[in-house]
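Each protein sequence line maps, in turn, to chains U and C.
Residue 67 is where the first sequence starts when you use my numbering, and the numbers rise one by one after that.
Residue 68 is where the second sequence starts when you use my numbering, and the numbers rise one by one after that.
Worth flagging that the hints you see were computed from the coordinates, not collected in a lab.
In this text, all values refer to a predicted model and were calculated from it rather than measured experimentally.
Certain hints may be false.
If you want a taste of the chain C side facing chain U, the calculated C-beta under 10 Å gives, among others [as the list claims (entries may be wrong)]:
id, residue
1, 141
2, 233
3, 245
4, 262
5, 493
Think of the CB as a built atom: it goes at the ideal place given N, C-alpha and C, for glycine as much as any other residue.
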Amino acid sequence: MSPALLSRADLIALLPEMILTTLGMVILLAGVATGKRHKALWVGTLTALLAGAAGLWIAAQATAPDARMYFDSFALDHFAVFFKSLFLLIAALTVLLSVDYLKRWDARPGEYHALILFATVGMMIMASGVNLAVIYVGLELMALSTYVLAGYFRRETASHEAAAKYFVLGALSSGILLYGLSLIYGSFATLDLAVLTEKAAAGPVSTPALVGIALLGCGFLFKVAAVPFHMWTPDVYVGAPTPITAFMSVGPKAAAFAMFLRVFDGSFAALAPQWRWLIGGAAVLTMVWGNIAALTQDNVKRMLAYSSIAHAGYALVGLVAGSAAGVQSVMFYLLVYTVTNLGAFGFVVLLESRGFAGETVRDYAGLARKHPLAAFGMLVFMLSLGGIPPTAGFMGKLYVFAAAVNAGFVWLVVIAVLMSAVSLYYYFRIVMQMYLQDGADDEPAPLLLSPWTERAIWLCGVAVLVIGVFPGPFAEAARATLGLP
Amino acid sequence: MEFATNLLNIITYLPLVGALVIVFALRADSTRAIKAVATIVAGLDFVVSVPLWFLYEPGGAPFQFDFQASWIPSVGASYHVGVDGISILLILLTTLLGFIAVYSSFTAITHRHKEYYVFLLLLQTGMLGVFISLDLVLFYVFWEVMLVPMYFLIGVWGGARKLYAAIKFFLYTLVGSVLMLVGILALYFYNSTGLQAIGLVGLGNAPSFDVTQLYTIAGQIPAGLQFWIFLAFFVGFAIKVPMFPFHTWLPDAHVEAPTAGSVILAGVLLKMGTYGFIRFSLPMLPNATREAVPWVVALAIIGIIYGGLVAMAQKDMKKLVAYSSVSHLGFVMLGMFALNPQGLSGSVLQMINHGLSTGGLFLLVGIVYERRHTRAIADYGGLAKVMPIYAMLFLILTLASIGLPTLNGFIGEFTILIGALDRSTLWAVLASTGIVIGAAYMLWLYQRVFFGEVTHEENKTLKDVNLREQWTLIPLIVLCFWIGIYPKPFFRIMEPSIERIVRVVDPDYLKQPVAQPQAMPLPALADDAAGHTAR
Chain U
67 MSPALLSRAD
77 LIALLPEMIL
87 TTLGMVILLA
97 GVATGKRHKA
107 LWVGTLTALL
117 AGAAGLWIAA
127 QATAPDARMY
137 FDSFALDHFA
147 VFFKSLFLLI
157 AALTVLLSVD
167 YLKRWDARPG
177 EYHALILFAT
187 VGMMIMASGV
197 NLAVIYVGLE
207 LMALSTYVLA
217 GYFRRETASH
227 EAAAKYFVLG
237 ALSSGILLYG
247 LSLIYGSFAT
257 LDLAVLTEKA
267 AAGPVSTPAL
277 VGIALLGCGF
287 LFKVAAVPFH
297 MWTPDVYVGA
307 PTPITAFMSV
317 GPKAAAFAMF
327 LRVFDGSFAA
337 LAPQWRWLIG
347 GAAVLTMVWG
357 NIAALTQDNV
367 KRMLAYSSIA
377 HAGYALVGLV
387 AGSAAGVQSV
397 MFYLLVYTVT
407 NLGAFGFVVL
417 LESRGFAGET
427 VRDYAGLARK
437 HPLAAFGMLV
447 FMLSLGGIPP
457 TAGFMGKLYV
467 FAAAVNAGFV
477 WLVVIAVLMS
487 AVSLYYYFRI
497 VMQMYLQDGA
507 DDEPAPLLLS
517 PWTERAIWLC
527 GVAVLVIGVF
537 PGPFAEAARA
547 TLGLP
Chain C
68 MEFATNLLNI
78 ITYLPLVGAL
88 VIVFALRADS
98 TRAIKAVATI
108 VAGLDFVVSV
118 PLWFLYEPGG
128 APFQFDFQAS
138 WIPSVGASYH
148 VGVDGISILL
158 ILLTTLLGFI
168 AVYSSFTAIT
178 HRHKEYYVFL
188 LLLQTGMLGV
198 FISLDLVLFY
208 VFWEVMLVPM
218 YFLIGVWGGA
228 RKLYAAIKFF
238 LYTLVGSVLM
248 LVGILALYFY
258 NSTGLQAIGL
268 VGLGNAPSFD
278 VTQLYTIAGQ
288 IPAGLQFWIF
298 LAFFVGFAIK
308 VPMFPFHTWL
318 PDAHVEAPTA
328 GSVILAGVLL
338 KMGTYGFIRF
348 SLPMLPNATR
358 EAVPWVVALA
368 IIGIIYGGLV
378 AMAQKDMKKL
388 VAYSSVSHLG
398 FVMLGMFALN
408 PQGLSGSVLQ
418 MINHGLSTGG
428 LFLLVGIVYE
438 RRHTRAIADY
448 GGLAKVMPIY
458 AMLFLILTLA
468 SIGLPTLNGF
478 IGEFTILIGA
488 LDRSTLWAVL
498 ASTGIVIGAA
508 YMLWLYQRVF
518 FGEVTHEENK
528 TLKDVNLREQ
538 WTLIPLIVLC
548 FWIGIYPKPF
558 FRIMEPSIER
568 IVRVVDPDYL
578 KQPVAQPQAM
588 PLPALADDAA
598 GHTAR
């Protein structure tokens, strides 16, 4: 340990978080000063995210992957760098999706953008934390920012409801998680993941520790919105402003998976025989219930909420598989899911002209005739969500299922593939409305003019097709070992 | 040899290029230009695929026109394409029927022309991709890709219950293929690292999805694992074929699809299932295949008889032809699972025959449907008087379908029956009843539609087939006669490929003494069959 409290390496490793926090506060103040000068604020936020990306690049260059900073509680390994890049991408796309949306709803842009930046910082800390306390701090920063964002539209009852439900249930899950942490600390006398790894591998683990790990798993399952801890998801996703729904469905979820992977597939890998049935069971429930409940939804946001639950189930399959291949597959899957789901939500934003959160599947009828390009884009995203090649969604599933088959979870994969066949039914309900319902009286919801949202969708669409045809480099980028075989 | 190495890519992606040209270069309302581009592209695609027939050397390497490029090196999936004698025949069938499908749609399709031809061309790329793939991931990608355009063809341009039929087709085939994916992964891991958690040790080879690599380990896969992988593949392929009892999507899809969609569906899509068996199940899982023979053959024979009986009860012409497919595909499966050269080569030939004759019958039903907007058999009668050319063309394809000598169906069914007889007299006897039933429902259909007095006033003024319609059918009829009279070139091109499969799946068979008449070498058999018909 160096004599100084903080070394230079410590500071450099935290560069992106520091940049984003500082600029986030600048934007918060600027928002107060400028009021509703939308353009200045979102351009400023994008600049902040770019600066954060530059900071991340510098930090990653300067830090050794196996170095541990801040008294062994913070790491900047390849795993963290991948997730941080993903979070920056998610935040940037969310900002682009929000540009015209905020103007349309006449919302104050200052706090909104600042909160997105703070949530991003929280997620980044979650990906980097190698101490459960640090991870928890990042988690709460992210969660508190998202609670506020979910309720950002004060005048909409649904948004209120979303924020209240999210907050109460989020607090409950944090409580469960903390109780798990206290039991783990009580049993192992440490929250340092490296030490926990050794102790978990060393020998028999006491019952309180196992209970603690189970509670920790339940808390994590809550955060990734897995069944049976998913009840909050549909209401929150419907009630939140749509770009925030998009953000929540990928950002906090990916961050939760980052900590899930690091703790369960990393530290507690040796205890996999004990926790696998728990997480595997949750994966089955999540895939089955998420997909079946989505079948009957007419509201598009609600359907995508259940679809997002189902996708957490597929990612859990990779997590249960464990090992380096499993971790890689989950990371790759999250990248694929991010570009796909943000693109799909982009269309929900574009078509949201009939009141707040009111779009039903019927509102897409005849879209292919009216706006062929938009319909084609939505088709690509629906195919990707359903896992049909040549889209990214197929490749994501292929990696996850391959990892699970390799680990011997053939039964889990059989359920997963059957459920993904089921999911095509509701994704194709939208496709059917767009392409097959073309009666003259079908008037699709008008496309709102939002050039920046369209650009974000284009980016996602191209990414979906490129990853779908040439997945190699992207899957390689997601290869992070966590010290696993 | 630049042309030869890229030939398969040219054939496969030409329709895709054509589709992109239509999407980006043509306006939706310039229907003439769209039809022209689609026809030229589909025609050109057939023309460039013909050299395969001449350049392929049956005695040469197992897979020719081989082309391999790096794709996803970290998992061992590569872009590997190549063809043997079996896939060449199916590729030629696909490009021919693809052209005919485009050419026959000019008047049948009355709205959303641009999308229609785009989907038709995309479908063709997907189907050709299936037949050229020598990598399981690549194969699976094409296999699924092709579902989407077919879904749209049925769903947008289909009949009254198109929405139901489209999603039923899509989900049915998808369920089968996702299970196949699990089988593919199991095979892949057995070749490399094994399935650790359940204690299955792999062979330790470099990870590979390459078909030629997986062929080499066929004998080493333990019987239990073979069984499960075979089952996973079986579900995927049997739904596609479709075998009884997985056939229920077929009547809906066929009846609701537009004419060209039915032609492609019957002509090519169903063959993808049988092709899957012959390319993957038989040579990769020989032990499980041998174990499965009684079960598969039982289902095939049930399909032959059940499909025929149900066809006989139909009141709708298109549905009748659709159910006849179940019966014909039963023959294909029976021949294949006889696991001897005669059965297999008859099976492959019957795939082609079924594509020609059933594709042609769907075209013919479509022709009268366009004029009368009904397919009910009861709405017709006496058509031979008003549409003589049509009646003649229909007769030829009917006879081809029921297997009259000098036409293609006879050669296929005869060869299959020889193969089946070699295994079991019972199989052959039961299957023969299917031929009788087939003759019954087809001739009865012909009698009700064409003979007698013209009972409906509207039918008296029906126009006979025009020149364009004739030209959609003439290539099919010429081929029906060619295969019926001189099938030797067709047998010759597939013979070595089939022998390789038999060598794997039933190594003892080829060692049997030549004294057995059924075991005589294939070309001689082909000559015999041809000579038989000529008499």
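Status of the hints after comparison with the structure:
1. Among the interface hints, the one on residue 141(C) holds; its C-beta lies about 6 Å from the nearest C-beta in chain U, closer than the 10 Å criterion.
2. For residue 233(C), the shortest C-beta to C-beta distance to chain U is roughly 7 Å, which falls under 10 Å, so the interface hint holds.
3. Taking 10 Å as the C-beta contact cut-off toward chain U, the hint placing residue 245(C) at the interface holds, the least distance being around 4 Å.
4. The interface hint given for residue 262(C) is met, as the beta carbon of that residue sits about 5 Å from the closest beta carbon of chain U, less than 10 Å.
5. For the restraint placing residue 493(C) at the interface with chain U, the shortest Cβ-Cβ distance is roughly 36 Å, beyond the 10 Å limit, so the hint is violated.
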